[in-house]
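Can you make the complete structure from the sequences, with help from the hints?
In our numbering, the protein residues as written are 17 to 534.
Hints may contain errors.
[Unchecked claim] Pair ranges (Cβ atoms, derived): (1) 350 x 215: 44 to 52 angstroms; (2) 98 x 216: 25 to 33 angstroms; (3) 61 x 338: 38 to 46 angstroms; (4) 204 x 352: 31 to 39 angstroms; (5) 378 x 346: 23 to 31 angstroms; (6) 62 x 102: 57 to 65 angstroms; (7) 387 x 29: 33 to 41 angstroms.
The hints are simulated quantities; they were obtained by calculation from the structure and are not laboratory data. Positions of the beta carbon are idealized from the N, C-alpha and C atoms, including for glycine.
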Amino acid sequence: MTFEIVFVLLGLAGMVTALVLDKMRPGMVLLSVVVLFLCAGILTPKEMLEGFSNKGMITVAMLYLVSEGIRQSGALGQLIKKLLPQKKTTVFKAQLRMLPTISFISAFLNNTPVVVIFAPIIKRWADSVKLPATKFLIPLSYVTILGGICTLIGTSTNLVVHGMILEAGYEGFTMFELGKVGIFIAVAGILYLFAFSSKLLPDVRKDSAEVEEELEEQKGNLHRVEAVLGPRFPGINKRLKDFNFKRHYGAEVKEIKRGGQSITENLENRYLREGDTLVVMADDSFIQTWGESSVFVMIANGKDNEPVPGRGKRWLALALLVLMIVGATVGELPFVKEAVPDMQLDMFFFVSITTIIMAWTKIFPPRKYTKYISWDVLITIACAFAISKAMVNSGVADLVARYIIGLSDHYGPHVLLAAVFIITNLFTELITNNAAAALAFPLALSISTQLGVSPVPFFVVICMAASASFSTPIGYQTNLIVQGIGNYKFTDFVRIGLPLNIITFLISVFLIPVIWPF
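Printed below as a string of structure tokens:
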């Protein structure tokens with residue numbers, strides 16, 4: 017083995033370990049590894065920085081702003097209220113109304129704002145109709161993931177893989193190309209949730225004593241508020257007494273919800289973690305001041321805190337979203353490309369126009385636009401391109417590909433496709449979806465090249481596997497959000513999510529080679 021191969025393998029092992037231990041944010045972990053590769057001469061400065069100017073990465077950034085515009089228009093909040101049955105109903109009937117529609121919405125919008133808006137509304141509604149909210153919150157997160165795999169813009173992972181495909185000199189995905197397999201996975205996943213979520217998810221309802229206690233707490237100037245800690249919360253990995261939450265935010269912490277546990281004793285000595293849900297006593301100014309802050313992923317107080325602008329702004333926001341989707345779809349058609357050969361009417365083109373119009377018309381506050389972008393995700397994506405390049409430059413991708421091919425010498429590309437799915441899926445459950453795609457892509461490209469087969473089936477399987485984060489709450493931010501608000505245990509995700517991982521695996525491995533032959 018050469019020095020470059022050993023150095024990159026050690027760097028990747030350190031990266032995965034650091035991501036699993038969650039000592040730093042994923043973006044900083046990946047950036048640290050990329051700088052090490054730069055110092056070792058494995059990457060040039062140009063190769064290190066290419067990801068920061070990648071069209072896919074910039075598209076993800078602007079899609080955050082489009083999603084925020086839709087959120088601030090109030091369209092999503094109004095929609096979910098119409099979907100939720102107001103009379104006595106059953107879990108199945110309510111899911112039947114909610115899940116397919118939410119899945120469709122998440123095919124075109126970022127998953128996180130969809131879950132942030134819907135989760136507190138669904139929890140409040142479930143309490144009002146005497147149904148356990150735990151039967152709805154994990155399915156909410158899962159259907160946003162299932163919807164996201166159906167389109168190019170449904171999840172950042174698809175855009176990352178699309179960007180890597182273009183960098184490698186291949187033709188990328190069209191808007192709905194991934195839906196050829198994604199729709200089958202989404203339908204199967206939703207049917208599975210209909211059939212088994214009631215049996216596999218915990219049945220936790222508020223008893224009359226808890227309701228009475230909460231009502232008592234709401235009296236006076238102070239109210240009970242739930243706040244989910246985001247990655248930018250300054251007190252992460254600090255003890256509550258060392259951070260002094262009350263001095264920073266003017267609210268007193270009464271309870272910490274973490275991993276299905278409710279912690280009320282010895283709070284001052286508890287360390288705060290990303291994804292913790294803090295139950296605090298705060299006045300009305302708390303939500304007004306911190307409701308849009310990036311330090312909290314979500315804040316809910318049992319009331320409707322979503323903006324309700326005028327009907328005109330809602331319709332304008334929805335019209336712009338439809339224009340963006342239709343424009344990007346039509347722009348990829350062959351006759352359009354022939355008609356305007358000098359213009360590339362792709363998703364990047366239309367999302368740029370949509371973002372600027374939303375800013376000009378103040379659908380989202382243009383002065384605050386930097387608040388609505390998840391910069392850590394963007395840095396992770398940009399560094400993912402550099403790490404993939406380092407794996408190719410050093411020879412690691414070819415070495416690992418030869419090893420994997422050697423293990424399955426006589427079985428053909430189908431077994432290798434399954435191996436790529438399993439490797440990518442394990443990484444996405446342990447680290448992050450974009451980092452998983454970064455590690456898997458050069459391996460997939462090298463495997464297909466050495467076998468002399470089309471790489472497209474391997475590219476598609478990476479998209480499916482990197483997004484299929486169902487078995488743990490740590491692989492996807494929406495899972496972390498619903499874990500806190502629903503007070504789920506880690507084992508709740510394993511019990512209901514593992515069969516969904518297997519369903520995704522089976523459909524992907526059997527169907528992808530049929531649609532995109534080797």
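Do the hints match the structure? See the list:
1. 350 x 215: 44 to 52 angstroms: This hint holds: roughly 49 angstroms between Cβ atoms.
2. 98 x 216: 25 to 33 angstroms: Since residue 98 and residue 216 have Cβ atoms about 28 angstroms apart, the given range 25 to 33 angstroms holds.
3. 61 x 338: 38 to 46 angstroms: 41 angstroms, holds
4. 204 x 352: 31 to 39 angstroms: 33 angstroms, holds
5. 378 x 346: 23 to 31 angstroms: Holds: the Cβ-Cβ distance is about 28 angstroms, inside 23 to 31 angstroms.
6. 62 x 102: 57 to 65 angstroms: 59 angstroms Cβ-Cβ, so the 57 to 65 angstroms window holds.
7. 387 x 29: 33 to 41 angstroms: For residue 387 and residue 29 the Cβ distance comes to about 35 angstroms; the hint holds.
Comparing the model with each earlier hint shows no violations; every hint is respected.
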